[in-house]
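Participant: Sequence:
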Amino acid sequence: MINCSNKNASDEARKLLQFLNDTAGNKIITGQHTQTNPMEEIAYIKSITGCEPLLRGFELLGYSPNINYEDADEACLTEVEENKGTMKTALEWAKSNGASQIKCILTFSFHWFSPLGGRDKSFYAKNTDFDPERILVDGSPENKAFYNDMDSIAKVLEEFRLEKIPVLWRPFHESYGKWFWWGSKGPEVACRLYRMMYDYYVNEKHLDNLLWVWNCDVASAYPGDDCVDVNSIDVYLEEKKATDYRAEYERLTEACGKNKVVALAEVGYNPDVELLSRTKIPWAYFMTWSKEFSMDGIRNTKEDLCKMYSSDYSLKL
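Numbering (my numbering), first residue to last: 1 to 317.
Hints may be right or wrong, so weigh each one.
[As the list claims (entries may be wrong)] Derived BS3-like pairs (lysine-lysine); straight-line CA-CA distance at most 27 Å: (1) K307 with K280; (2) K291 with K258; (3) K15 with K178; (4) K164 with K316; (5) K178 with K126; (6) K144 with K15; (7) K15 with K205; (8) K95 with K164; (9) K291 with K241; (10) K241 with K103; (11) K103 with K126; (12) K126 with K241; (13) K7 with K84; (14) K95 with K84; (15) K46 with K88; (16) K126 with K15; (17) K84 with K46; (18) K291 with K46; (19) K95 with K205; (20) K316 with K88; (21) K95 with K241; (22) K205 with K241; (23) K205 with K84; (24) K164 with K84; (25) K84 with K15.
[Stated by the list, open to error] Computed beta-carbon distance windows for the label pairs: (26) Y44 with D129: 21 to 29 Å; (27) S220 with S277: 31 to 39 Å; (28) T301 with G139: 50 to 58 Å; (29) S310 with K178: 27 to 35 Å; (30) S310 with D138: 20 to 28 Å; (31) E303 with G139: 30 to 38 Å.
FYI, nobody ran anything at the bench for these hints, they're computed from the structure. As the structure is a computational prediction, the values presented were derived from the model and not from experiment. Here a beta-carbon is modelled for each residue, glycine too, at the ideal position from N, C-alpha and C.
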């Protein structure tokens, strides 16, 4: 029996974590990110394979409270507009497919527009002077804005708690890089922000339906087993190759230990399912990124998709 980091985790969250743990090394859960209401990636996969992923990733970028519409380019505005209403879509999908009975799985990403200032896609550090280290100063404008944004997002997550739907929650992702504002002062600062959010959402907001997914392979920045349920990594290979992502697994577990479920939270190229079925590298799930990563017919060809979704080693919806 594997325990959730949150001792008050809902029964559904506990069952999901146990399911992930039991799956790892025996099967792999198929996953696909989508951030628009049409969910065109899912329709594409189904049209080719006849199957849908068991895990579906959704995005909260359009729910950021501080979006500077006046100083945003067309690409940014389009991305925000396409993301509107997707949490309702996620909730309806989860309810209709039995997420509370672990018949399907939700995971949420959050490209968080900086809580203060910024322009365009201000989740990128280059587009904001927002200093994440200032959040650590109690009562600072940055600290207050951080908690204000967390309150807003908590209201969205609360809807899933009320419906007894567990969610794989992955905040502050890719903090090993400096491209997002939360990683701009290094992963150790992002780790402290993660722990602040964990404390607030678990002990103040009682969002007991969340399973907490850490997304960094830097040992000095690991938040600790007491606030992590799943350790994960994002991998975008420079060129395509058949892989079980063994090297990434070894690097992640060396940094974060082997006490937790591990996952490929984002990939550009799907793992090779035949190789995985032989090596049993214990990834619980993978999630292909959206748009061209799943639909360009090059990164993951139609043949690749059919091989993955027809395999006895993969779990589908």
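Participant: Each hint should be assessed against the structure and marked as holding or not.
Facilitator: Against the structure, the hints come out as follows:
1. K307 with K280: The hint holds at about 17 Å.
2. K291 with K258: 32 Å, violated
3. K15 with K178: Status violated; Cα separation ~35 Å.
4. K164 with K316: Distance ~22 Å between K164 and K316 Cα, so the pair holds.
5. K178 with K126: 9 Å, holds
6. K144 with K15: 35 Å, violated
7. K15 with K205: With Cα atoms ~21 Å apart, K15 and K205 stay inside 27 Å; holds.
8. K95 with K164: 9 Å, holds
9. K291 with K241: 20 Å, holds
10. K241 with K103: 31 Å, violated
11. K103 with K126: 40 Å, violated
12. K126 with K241: 32 Å, violated
13. K7 with K84: 33 Å, violated
14. K95 with K84: 19 Å, holds
15. K46 with K88: 22 Å, holds
16. K126 with K15: Outside the cut-off at roughly 40 Å; violated.
17. K84 with K46: The given pair, whose Cα atoms are some 24 Å apart, holds under the 27 Å limit.
18. K291 with K46: 15 Å, holds
19. K95 with K205: It holds: about 22 Å lies between the C-alpha atoms, which stays within 27 Å.
20. K316 with K88: This hinted pair holds, its Cα atoms lying about 23 Å apart.
21. K95 with K241: Violated, at roughly 37 Å.
22. K205 with K241: Roughly 44 Å between the alpha carbons, so the hint for K205 and K241 is violated.
23. K205 with K84: The hint holds at about 24 Å.
24. K164 with K84: 23 Å, holds
25. K84 with K15: 30 Å, violated
26. Y44 with D129: 21 to 29 Å: 39 Å, violated
27. S220 with S277: 31 to 39 Å: 35 Å, holds
28. T301 with G139: 50 to 58 Å: The hinted range 50 to 58 Å holds for T301 and G139, with Cβ atoms some 54 Å apart.
29. S310 with K178: 27 to 35 Å: 40 Å, violated
30. S310 with D138: 20 to 28 Å: 54 Å, violated
31. E303 with G139: 30 to 38 Å: 57 Å, violated
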